[in-house]
Amino acid sequence: MEITEKKEPVYFAKFIVLSAVVWLLAASWLGIIYYYFTIFQLAPSIDSVSQIILTYLSPYISLNPSTEMLHISDQIIAFVVLSILSYIAVYLSGRISNKSIISIKYPKFNKSRKWVHSILVIWIAIIVSSAIEYTQIFIPGQSVRLIDILIELMGVCAVLLLIRIIMSVAFLFGILLNRRKQSRM
2 MEITEKKEPV YFAKFIVLSA VVWLLAASWL GIIYYYFTIF QLAPSIDSVS
52 QIILTYLSPY ISLNPSTEML HISDQIIAFV VLSILSYIAV YLSGRISNKS
102 IISIKYPKFN KSRKWVHSIL VIWIAIIVSS AIEYTQIFIP GQSVRLIDIL
152 IELMGVCAVL LLIRIIMSVA FLFGILLNRR KQSRM
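Here the numbering used here is used: the sequence shown runs in plain steps of one and ends on residue 186.
Just so you know, not all the hints are guaranteed correct.
With beta-carbon atoms standing in for the labels, derived distance ranges [claimed, not checked]:
| # | residue 1 | residue 2 | range |
| --- | --- | --- | --- |
| 1 | I166 | Y12 | 28 to 34 Å |
| 2 | L26 | I53 | 17 to 23 Å |
| 3 | W116 | I17 | 23 to 29 Å |
| 4 | L25 | I128 | 16 to 22 Å |
| 5 | Y57 | Y12 | 42 to 48 Å |
| 6 | K182 | A28 | 39 to 45 Å |
| 7 | I138 | R180 | 56 to 62 Å |
| 8 | L147 | I33 | 18 to 24 Å |
Since the hints were derived computationally from the structure, they do not count as laboratory data.
Only a predicted model underlies this, so the values are computations on that prediction, with no experimental measurement involved.
All C-beta atoms, glycine included, are put in the ideal place defined by N, C-alpha and C.
With the sequences and hints as input, model every part of the structure.
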């Protein structure tokens, strides 16, 4: 019987720092989302993010969306940014060590770690969206709608699908470049 030494995990300082910075950005964005969708919307004189974007695009397109459409687009924009930040943070956190928690406890996820990242991002979005809707129970003039959670999750899923497509295309492009280099040698 052969005895193998256990390898100690190697920690990469650059991923620790990058992960901490991106998690701080994600937490700051969470605070902005929470403030915007609970307290900030009580002031009717302040323009929404979508209204500001539409004023810049108005010379090029002519749209006159309703306030409900503006609210929905604000939710999607907020959760698109949240999902991008949290995906990058989860990805960088998984790169801190050469032995991740996922590969130690769940060896079947080694090949599909990107799906685990996506699932974590979806859970973060569900928790944040549910917390926002729960808080709106206690704010006068706000209403709780479960459709808001679904709208926000649509934005998150769209971004995760886009990330997956981009990563797949980049992987295929890398394979083609490697084959081209090997054929020239």
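Status of the hints after comparison with the structure:
no.: 1; hint: I166 - Y12: 28 to 34 Å; in the structure: holds (32 Å)
no.: 2; hint: L26 - I53: 17 to 23 Å; in the structure: holds (21 Å)
no.: 3; hint: W116 - I17: 23 to 29 Å; in the structure: holds (24 Å)
no.: 4; hint: L25 - I128: 16 to 22 Å; in the structure: holds (18 Å)
no.: 5; hint: Y57 - Y12: 42 to 48 Å; in the structure: holds (44 Å)
no.: 6; hint: K182 - A28: 39 to 45 Å; in the structure: holds (42 Å)
no.: 7; hint: I138 - R180: 56 to 62 Å; in the structure: holds (58 Å)
no.: 8; hint: L147 - I33: 18 to 24 Å; in the structure: holds (23 Å)
Going through the hint list in order, the structure satisfies each hint without exception.
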